[in-house]
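Use the sequences and the hints to build the structure in full.
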Amino acid sequence: MNTRRIAIPVDSDKGLQSTVSGHFGHCKAFAVVTLEDGGETTRVELIENVPHSSCAGPVNLLAEHGVDVLLASGMGMRPYVIAQQLGISVLKSEAKTVAEALQGYTNGHAKDMRDGGLCQGGRGAHN
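Positions 1 to 127 (the numbering used here) are the ones given, in order, by the sequence shown.
Hints listed in this document are in silico derivations from the structure and should not be mistaken for laboratory results.
All C-beta atoms in this analysis are idealised placements derived from N, C-alpha and C, irrespective of residue type, glycine included.
Keep in mind that the hints are not guaranteed to be accurate.
Derived DEER-like restraints, expressed as beta-carbon distance ranges [what the hints assert, rightly or not]: (1) Q103 - L46: 15 to 23 Å; (2) Q17 - M77: 26 to 34 Å; (3) M77 - V50: 19 to 27 Å; (4) G87 - R43: 19 to 27 Å.
Pairs of lysine-lysine, BS3-like flavour, derived with a Cα cap of 27 Å [what the hints assert, rightly or not]: (5) K92 - K28; (6) K14 - K28; (7) K14 - K92.
If you want it as structure tokens, here you go:
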């Protein structure tokens, strides 16, 4: 069985209907979804984002919670590289809710973040 843990930055706590945050590093929390083979969601948990002064904080938090995949609308190069080094795949998703993001992921619509999702840090970027 191939279980995956998928993190999605969110601004609300409504389970699968949580609103996806447009700002990875400054989101309220991360919805972490356990997804089984065949796309069955077996668990949705909310992990509060940590106060941080570096881009590594949120990425390390996700790694500590066993996240395999991060779905986000954008992020800075530094957290992207850190995620890759920690074995977390980072994919771009334009979904509005966690459910929509998961559907896009399971249908193969989420693309590598390098394809238009990386922001230039320090200028109001997603990091």
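Here's how the hints hold up against the structure:
Distance hint check: the CB atoms of Q103 and L46 are about 19 Å apart, consistent with the given range 15 to 23 Å. The supplied range of 26 to 34 Å is met by Q17 and M77, whose beta-carbon atoms lie about 31 Å from each other. Distance hint check: the CB atoms of M77 and V50 are about 20 Å apart, consistent with the given range 19 to 27 Å. A hinted range of 19 to 27 Å for the beta carbons of G87 and R43 is consistent with their spacing of about 20 Å.
At most 27 Å may separate the alpha-carbon atoms for a hinted pair to count; K92 and K28 meet this at roughly 19 Å. Proposed proximity of K14 and K28 is supported: the alpha carbons are some 13 Å apart, at most 27 Å. Of the supplied pair hints, the one linking K14 and K92 holds, its CA atoms being roughly 21 Å apart against a limit of 27 Å.
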